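What follows is the residue order along each chain.
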Amino acid sequence: DAGVTQSPTHLIKTRGQQVTLRCSPKSGHDTVSWYQQALGQGPQFIFQYYEEEERQRGNFPDRFSGHQFPNYSSELNVNALLLGDSALYLCASSSTVDTQYFGPGTRLTVL
Amino acid sequence: AQSVTQPDIHITVSEGASLELRCNYSYGATPYLFWYVQSPGQGLQLLLKYFSGDTLVQGIKGFEAEFKRSQSSFNLRKPSVHWSDAAEYFCAVGADFGTASKLTFGTGTRLQVTL
Chain A
1 DAGVTQSPTH LIKTRGQQVT LRCSPKSGHD TVSWYQQALG QGPQFIFQYY
51 EEEERQRGNF PDRFSGHQFP NYSSELNVNA LLLGDSALYL CASSSTVDTQ
101 YFGPGTRLTV L
Chain B
1 AQSVTQPDIH ITVSEGASLE LRCNYSYGAT PYLFWYVQSP GQGLQLLLKY
51 FSGDTLVQGI KGFEAEFKRS QSSFNLRKPS VHWSDAAEYF CAVGADFGTA
101 SKLTFGTGTR LQVTL
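In order, the protein sequences belong to chains A and B. Numbering follows the working numbering, in which position 40 of the first sequence is assigned residue number 40; successive positions increment by one, without gaps. Numbering follows the working numbering, in which position 8 of the second sequence is assigned residue number 8; successive positions increment by one, without gaps.
Only chain A is shown next, with the shape it has when bound in the complex (with noise of 0.2 Å):
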């Protein structure tokens, strides 16, 4: 049984540029939420994702938008990209009945 796998692992972007991350979730898993994790730092949320909407959000611009799909897998996008976006991005699945499980994270360099 797989468990939370993201994509890509590493990407390197350019400021004003827009980067799209991939999670597909656990097994049995409907929900979606993705942190991010700068250096040094714990994960803050960004956003949650259940029956393909936005459920909850964190303290994240506009620029940070998402997307879910029927098979429950997700995506992040962020558009006009800050040196400050540079972090580990991380997708965590979780169900009513199971707490959130954590993918690998994908690491984002902005220069």
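Hints in this document: simulated from the structure, not taken from any laboratory. Since the model is a prediction, treat every value here as computed from it, not as a measurement. You may find that some hints are simply not true.
[As the list claims (entries may be wrong)] Computed list of chain A residues with no C-beta within reach of chain B, every gap over 12 Å:
| no. | residue |
| --- | --- |
| 1 | Pro8 |
| 2 | Leu11 |
| 3 | Lys13 |
| 4 | Thr14 |
| 5 | Val19 |
| 6 | Thr20 |
| 7 | Arg22 |
| 8 | Pro70 |
| 9 | Asn77 |
| 10 | Leu83 |
| 11 | Asp85 |
| 12 | Val110 |
[Stated by the list, open to error] To be clear about the criterion: a stretch of chain B counts as covered by chain A if any three or more of its residues have a C-beta under 8 Å from a C-beta of chain A, and this derived list gives those stretches:
| no. | stretch |
| --- | --- |
| 13 | 35–46 |
| 14 | 103–114 |
[What the hints assert, rightly or not] Over 10 Å on every C-beta distance to chain B, these chain A residues come out as not near it, computed from the model:
| no. | residue |
| --- | --- |
| 15 | Gln48 |
| 16 | Phe64 |
| 17 | Ser65 |
| 18 | Ser73 |
| 19 | Ala80 |
The beta carbon of each residue, even a glycine, is placed where N, CA and C say it ideally should be.
Got chain A; can you put chain B on it based on the hints?
Showing chain B alone in chain A's frame:
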């Protein structure tokens, strides 16, 4: 608003010694509490969780944690540390609805194990 404080940024213990990592939380209702471990460059692995019931919870890899409501604490313990336990440890608290709620994390404690 919910918050988590991990007072110790960095802890060093000798292999075989006992370990206690501190976690204090702020939350208005009964919290959902978690400990995760992160190896360098990796994602987070769930060690254990507390929702209700017995305040002493057992997790994987020989870890346990005790929920103390009066102290707003959820400290992680291990009786005998192994060199492979060296990693970053994060305490987290869940919001007020269900297990699928957002998590608020502390800043983490980096554990170094000396041989």
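Hints versus structure:
{"no.": "1", "hint": "Pro8", "result": "14 Å, holds"}
{"no.": "2", "hint": "Leu11", "result": "14 Å, holds"}
{"no.": "3", "hint": "Lys13", "result": "19 Å, holds"}
{"no.": "4", "hint": "Thr14", "result": "23 Å, holds"}
{"no.": "5", "hint": "Val19", "result": "19 Å, holds"}
{"no.": "6", "hint": "Thr20", "result": "19 Å, holds"}
{"no.": "7", "hint": "Arg22", "result": "15 Å, holds"}
{"no.": "8", "hint": "Pro70", "result": "18 Å, holds"}
{"no.": "9", "hint": "Asn77", "result": "19 Å, holds"}
{"no.": "10", "hint": "Leu83", "result": "21 Å, holds"}
{"no.": "11", "hint": "Asp85", "result": "19 Å, holds"}
{"no.": "12", "hint": "Val110", "result": "18 Å, holds"}
{"no.": "13", "hint": "35–46", "result": "holds (count 7)"}
{"no.": "14", "hint": "103–114", "result": "holds (count 6)"}
{"no.": "15", "hint": "Gln48", "result": "6 Å, violated"}
{"no.": "16", "hint": "Phe64", "result": "14 Å, holds"}
{"no.": "17", "hint": "Ser65", "result": "17 Å, holds"}
{"no.": "18", "hint": "Ser73", "result": "16 Å, holds"}
{"no.": "19", "hint": "Ala80", "result": "25 Å, holds"}
This entry does not satisfy hint 15, going by the numbered hints stated previously; all others are met.
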